[in-house]
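> Chain order of the listed sequences is A and B.
For the first sequence, the residue numbers in this note's numbering are -6 to 225.
For the second sequence, the residue numbers in this note's numbering are -6 to 225.
In case anyone wonders, no lab produced these hints; they're calculated from the structure.
Any given hint could turn out to be false.
Since the list gives no way to pick one copy over another, a pair counts as held whenever it fits inside one copy or between any two copies.
[Said to hold, decoys possible] Pairs of lysine-lysine, DSS-like flavour, derived with a Cα cap of 25 Å: (1) K66 to K201; (2) K121 to K109; (3) K167 to K109; (4) K201 to K135; (5) K117 to K135; (6) K135 to K109.
The lines below spell out each chain.
2 protein chains.
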Amino acid sequence: MDQHLHHVEEHFSGSDFIRDVVIGMSDGLTVPFALAAGLSGAVDTTTLILTAGSAEIAAGSIAMGLGGYLAGKTDAEHYESELAREKREVIELPESEEEEVSEIFREYGLEEEQIKSITETMKKNPEKWVDFMMRFELGLEKPEPTRARNSAITIAVSYIVGGLIPLFPYFILKHPATALMVSVVVTLIALMIFGYVKGRFTGTSPFKSAVQTTITGGLAAAVAFGLARILT
Amino acid sequence: MDQHLHHVEEHFSGSDFIRDVVIGMSDGLTVPFALAAGLSGAVDTTTLILTAGSAEIAAGSIAMGLGGYLAGKTDAEHYESELAREKREVIELPESEEEEVSEIFREYGLEEEQIKSITETMKKNPEKWVDFMMRFELGLEKPEPTRARNSAITIAVSYIVGGLIPLFPYFILKHPATALMVSVVVTLIALMIFGYVKGRFTGTSPFKSAVQTTITGGLAAAVAFGLARILT
Chain A
-6 MDQHLHHVEE
4 HFSGSDFIRD
14 VVIGMSDGLT
24 VPFALAAGLS
34 GAVDTTTLIL
44 TAGSAEIAAG
54 SIAMGLGGYL
64 AGKTDAEHYE
74 SELAREKREV
84 IELPESEEEE
94 VSEIFREYGL
104 EEEQIKSITE
114 TMKKNPEKWV
124 DFMMRFELGL
134 EKPEPTRARN
144 SAITIAVSYI
154 VGGLIPLFPY
164 FILKHPATAL
174 MVSVVVTLIA
184 LMIFGYVKGR
194 FTGTSPFKSA
204 VQTTITGGLA
214 AAVAFGLARI
224 LT
Chain B
-6 MDQHLHHVEE
4 HFSGSDFIRD
14 VVIGMSDGLT
24 VPFALAAGLS
34 GAVDTTTLIL
44 TAGSAEIAAG
54 SIAMGLGGYL
64 AGKTDAEHYE
74 SELAREKREV
84 IELPESEEEE
94 VSEIFREYGL
104 EEEQIKSITE
114 TMKKNPEKWV
124 DFMMRFELGL
134 EKPEPTRARN
144 SAITIAVSYI
154 VGGLIPLFPY
164 FILKHPATAL
174 MVSVVVTLIA
184 LMIFGYVKGR
194 FTGTSPFKSA
204 VQTTITGGLA
214 AAVAFGLARI
224 LT
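All chains should be modelled from the sequences, with the hints used to inform the complete structure.
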């Protein structure tokens, strides 16, 4: 049992970081790649592709990083405000809170007598009662204090790393068409590897994940390329 | 109590849609805006800004929409695989599962006698026992079957709507500098309104949310603008 519980906990503690890397890199590998591909069909030099690509990576990493920061802060505030409310309700509306606990256990087939015995015990320890309501009524876990900041940095850096991969060929090659070909090959390989690793960490089939991730990036790039062709 | 529970449920059922709109529109309003602003400092006509901006919106909406779809599918698969595992464990390792239930209740101060009575009841109804483990040990809720598809559409459409707002001035005005000024004004107003509404729905202070969202978009655009200036 301990091993099992330990396994579950490990799974959860690592998953915030993995989740943030996946969020940042999924978009970082895809959108700058698609944008650069799109512009390759529309311009004659790589300068403008590099300008647009770099501007996109800067904008995307800031927007997504700050987005992650604000989401983390909002989660923390939401937790605190719900905690304050439960603490208040346990004191001001104990009957109604007792009924809420009872509802939860009734759903799982416990007898009224057993439920009564549980609620009596909880009433003796209001702090644990509040903890119980937070986790089992509202499904909220206390967020780590460094979560918002770590999330912002992880997402932003992952976006930048992901975005520089498809853009790299445009730095070293002169002709957009040649750079595009190299970028397509390099990025599709990167998407496959990323999808495979993502699958391993998230528990999906790595091969399926590799295929899905590659198709997403390829499709986005193809549509962006087509649209840029039509518009110029 | 019913009103309270009802309130909680309402909060959760609406929140998937709201969350997806926020995901799509946060980036949609910010990244194309910042990219167009960045390019305004680097090119002489709006044609290329429109091409790059449209390619970005296409790429971003596809990447984020498919990302949302895959995340939804992964959640559903994760739920199913954990469900299968719990069903297996309840049959194959009942003692270990019983101990896991006991652990949960021990944390909240219940007596061994009460816990024993609870686990005995659960063992009589293995289906409810599995439901209990899914929700209270693993913290997983059964995802709605249409979740992945709805999520993809909501995110993609929100991204497109958000992205067209900052790009619109470049469609109707000829000079990038003039279009940029109009785009900045229009988009900052849109970010403020979006941030305000987002705050109302997510339970943060609407004014604080409006300020945070506007700063995020403005900062991303300013950095993209500066970087594009340096690079050209």
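> Indicate, hint by hint, whether the structure satisfies it.
To see whether the hints hold, each was checked on the structure:
no., hint, in the structure
1, K66 to K201, "between (34 Å within a copy, 12 Å between copies)"
2, K121 to K109, "both (16 Å within a copy, 20 Å between copies)"
3, K167 to K109, "neither (77 Å within a copy, 74 Å between copies)"
4, K201 to K135, "between (33 Å within a copy, 22 Å between copies)"
5, K117 to K135, "within (23 Å within a copy, 33 Å between copies)"
6, K135 to K109, "neither (28 Å within a copy, 28 Å between copies)"
The structure does not agree with the numbered hints 3, 6 stated previously, though it agrees with the rest.
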